Structures are given as structure tokens and as C-alpha cells.
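Engineer: Read off the chains here:
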Amino acid sequence: MEHIYYTLHQFMLHTKSITYVLMGVALVSFVGYWLFLTGRDEKMRKY
Amino acid sequence: MNDNQKSFWTPGNVLTAFILAGGLVLTFLRFYKGIGAVTNLDDNNPWGLWIGFDLMCGVALAAGGYVTSASCYLFGLKHYHSAVRPAITTAFLGYFFVVVALLYDLGHPWRLPYPLVLSQGTTSLLFEVGLCVATYVSVLFIEWSPAALEWLGFRKIRNFVIKLTLPLTILGVVLSTMHQSSLGALFVIAPGKLHPLWYSSFLPVFFFISSMVAGSSMVIFEGTLAHKGLHHKMDETHLKEAEGVAFGMAKAASFILMGYFFIKLFDITMDDDWQYLATGYGAWFLVEIFGFVLLPSFLYALGVRERNMKIVRIASVFGVLGIVINRFNVSMIAFNWQLPAAERYFPNWMEVGISIFIVTVIITTYRFIATKMPVLYEHPEYKDAH
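From first to last, the protein sequence lines are chains A and B. Residues in the first sequence are numbered from 1 upward in steps of one, following my numbering. Residues in the second sequence are numbered from 1001 upward in steps of one, following my numbering.
These aren't lab readings, by the way, just hints derived from the structure by calculation. Treat the hints with care, since some could be wrong.
Here are a few chain A residues that sit away from chain B, every Cβ distance over 10 Å (derived from the structure) [claimed, not checked]: (1) His3; (2) Phe11; (3) His14; (4) Leu22.
Pulled a few chain A residues facing chain B out of the computed Cβ check, cut under 10 Å [to be verified]: (5) Tyr6; (6) Leu8; (7) Lys16; (8) Thr19; (9) Val25; (10) Ala26; (11) Ser29; (12) Trp34; (13) Phe36; (14) Leu37; (15) Thr38; (16) Gly39; (17) Arg40; (18) Asp41.
From a predicted model like this one, the values you see are computed outputs, not experimental measurements. The C-beta atom is built at its ideal place from N, Cα and C for all residues, glycine as well.
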């Protein structure tokens, strides 16, 4: 259902709060996805 | 009929000849009778298939040129070297025929340089796009020219052009960044016309990021087709490096697609567009995001992990289709979404015919170049001279 916002502050508070949470999820997911993507790559040689 | 004639009249060549002949007739109709005679464009829908497909998709899918040359010459991934020439050839042809397709839309070919020399609209994004594309076509022509110069035997000019590779690559990346994003920025001016799920003030960012995926996917897709049709023209180096190039591009495309998915998600959240997802347009948006962003991302990742070329090739088809669907959505399907159905745009069959004609000309020209010139192989006189 569509939210009713009475002030710009309400709108920004609602949308930005969710965005920040999603950004946290994205940052953690990226690390996991990168590990999944490169998991079977040949290991770099370390001398 | 002798053997040569028999081998020329293959079903593919007959179909090509048929399309080219039909395209020439439609071209004559377009320029003789005017744009209204061959298109369904009107004041509400001044941009149709020729802009949505030929230009928007053409520019995005030609991004393989800057993606591959930047990987090889700027990021030092030298094992992509054999993929640079085919990618630059495709990019040059793509951009050149974007300009040709634009002429069908503009109608007065002699007026094409007007924005550059007569009436500069320096505050217009279209001016920026025009200037960028004009410059980048020239840059791509110079980048591609060593193949033609080696074929023609102009060694001195060829050696001079090769020395320009690095500055041209840098210029190519800068210009591509500018006009790929500007194509998206064109729609930022129309918040009331474009559906909220596709409209965003970040459209330039979306267009630029998705162009990188388009470029990587196109390199893999085009490589697959080249392996089928022009395998005999590839030298040992090209064949040896092909899989590595495909897996490298797949890995990049997979990660970028995942990033693209998240920034689309952030955009929906920032604009609070969630309620639109429960509509018909929302369902179509979800098809685009899940079917042509997340699915190819996972398929690419799976292909890279399993070292499975078949999965990577399937993913590249989804990647290329995804770009086409996205550009169609932004420029046509979700554009003017509030208009009644009778006033919506649907392309005339002749518009579709001319787009097919242009794609066929590109493929035919590519085949000619790849058959005659050292694109898929190194010229024996210039081995390791890059």
C-alpha cells in the first residue's frame, strides 16, 4: 500500500533508513559473492 | 554453375541478398516519401525503434571496444590482446552504423555536421552525445586502421598509428564514459513520461554501468559466433586465448551485474517506488531485473566457477538481450506509459525492416573485414609487433 508522507523529512527519513540498511546488506553480500565468484580460481603464487 | 558460384549461393548469402535488396527499397521509400511514409512516429512519440534499437542498443553493444582495449592496454591484462582487434572492429562498425541509422531518423544527411559547425547547442545533452559520438567514431577508425593498413601493406603509417594506441585507448574510455551516460541522461528531462520504475536521476549511471556489461557480453557473444563462422581465420594465439578472454569477461560482467542489481534496488528504495511493483509494469520490471540482470549474473558466476564455456555463452545471450530489453523499456515500452493505448507507439514493419537491414549490413561488413584483414589472426609480417 502506498505510504502517505506529510513532510519531506518523513519521506527522506523513511527511504534513507531503508537504503542504509540495504547498503549494509549489499556490502556484506558483495564480499560473499566475490568469494563465490573467485572460489575456484587458481591460487596466486606467493614467494 | 561452377564450384565457386555454388559455394557463394549458400542459404545464408541468399537471405542476406534478399534483406539487402529489401532494405534498399525501404531506404528509397524513406528518403523519397519522407519519415511519415515508413514509420509510426508522431508528436507524442518522436523517437521510435531507430533510436531505441539502432542508436541506444547499438551504442551500448559496441562498448566491447573500450572495455577490451582498456583491459588490455590500461589495466595491463595482456592475455586479452587477441580479443582487442575483433572488439574494436565490432565497435567501429557499431558506431559507424549508429550514425548511418541516425540519418534515417534525421532525413537530411547533409545536415549531420550542423550541430558541430553551424549551430552548437552547447546546453543540450544531444549536442554532447553528437560531439562525443563523432569524435569516438574517428578514434575507433584510427584504432581499427592498423588492420586495414597491414592488409594494404602500408607499413610506415601502420607503425605510426600503433604508437598512438595508448592515448587513443584513454580517449576512447573518456569519450565512452561521457556519451554512454549522456544517452541515459537524455531521459532525465522526462520524469512525467517515463514510468517511475525506470525513471531515475541516476539514469546516466545506470546506462554507463550497464554498457560495461553489454561490452563484456558482446565480446563473448561475438566470439561464439566468430568461432562458428570464421574458425578457419583464427590463428593459434587467438584460439589459445579465447577461453581465458571469455572467462575473464564473464567474471567482470557477473560482478558488475550484481552491483547494477543493488543500485537499481537502492534507486527503487530512494524514490519509494515499491507500490508500482504490484502492477503490470512492475511485473515486467521484475522480469527485466530477475531474468536479465540476476540470472545472467549467476550464470556467468557458475560458468566461471565450473570453467564451463557453454554456461558462459548462454549467460552472454541473456546479457545482450537484457541490454536490448532495458533500452527498449526506457525509450519505448515504459515511455509515455500514461498515454491511452491508441496513442502509444508500435513500430511500423518498415521501421523493423530498416533496422534488420542495418544489422545485416554490419554483419556482412564484419564478415568481409574478418575474412580479408588480420582481425582474428596476426599478420605474418607483423608478428609480436603490437
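Engineer: If you check each hint against the structure, which ones fail?
Structural biologist: 1, 2, 3, 4, 5 and 6
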